[in-house]
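Chains A and B, in that order, give the protein sequences. Numbering-wise, our numbering puts 18 at position 18 of the first sequence, and it's gapless, one number per residue. Numbering-wise, our numbering puts 8 at position 8 of the second sequence, and it's gapless, one number per residue.
Hints are computed from structural coordinates only; laboratory data are not their basis. Owing to the predicted nature of the structure, the values given are computational and were not obtained by experimental measurement. Each statement offered as a hint is correct.
With a Cα cut of at most 20 Å, we get these calculated SDA-like pairs of lysine to any residue: (1) B:Lys27 x A:Leu46; (2) A:Lys45 x A:Glu56; (3) A:Lys45 x B:Gly97; (4) A:Lys42 x B:Ala24; (5) B:Lys68 x A:Ala100; (6) B:Lys40 x A:Phe11; (7) A:Lys42 x B:Tyr22.
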Amino acid sequence: RKEVEQDPGPFNVPEGATVAFNCTYSNSASQSFFWYRQDCRKEPKLLMSVYSSGNEDGRFTAQLNRASQYISLLIRDSKLSDSATYLCVVNMFGSNSGYALNFGKGTSLLVTP
Amino acid sequence: GEEVAQTPKHLVRGEGQKAKLYCAPIKGHSYVFWYQQVLKNEFKFLISFQNENVFDETGMPKERFSAKCLPNSPCSLEIQATKLEDSAVYFCASTSGTLNTEAFFGQGTRLTVV
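Please model the entire structure based on the sequences and the hints provided.
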């Protein structure tokens, strides 16, 4: 079983729609959670860190559920420019294990006019 | 530097030739990661370093792939005797490794083996 699982999509939604992505992780010792965005084989760029209390940045809301071991990303009022692949990234950090960074496969979003 | 710098941007090699990719992490970052992304597929972890020490190399095809991070030099990823299936974009990322800090990615090196 992969450490981090995402629905690969693609999600095709019209402009203005609300879309939600989920991601599950298998290691309960995971400590930090992120959503990255990747455009057309460019480098991934941080979209949002995900905090236990949940966080919002404009049209984007990220939530973490530690009990169920999943994180989510909600995009409201989708724009054409939101079309990209969204990567769920989970890391673990420990004095013995050091720093490990685990990626989901990515969820592809296409926003259409 | 303030960004992860990868060189070259593009590299074309004939099958069987050697390929060497470079990555200069952000100054002060102690962890470096290499990933391989074939077409638009998932990121395949290759290797990570904590400073100049190999931290995790479980993703490396060891018979042909090697990597180093030496002090005062860019990190490198070398592929001996490239194969067609090595064609991919190779991304390097660095992070300070402290809790809740994200990793920063370089722009990638696109390797084409012909």
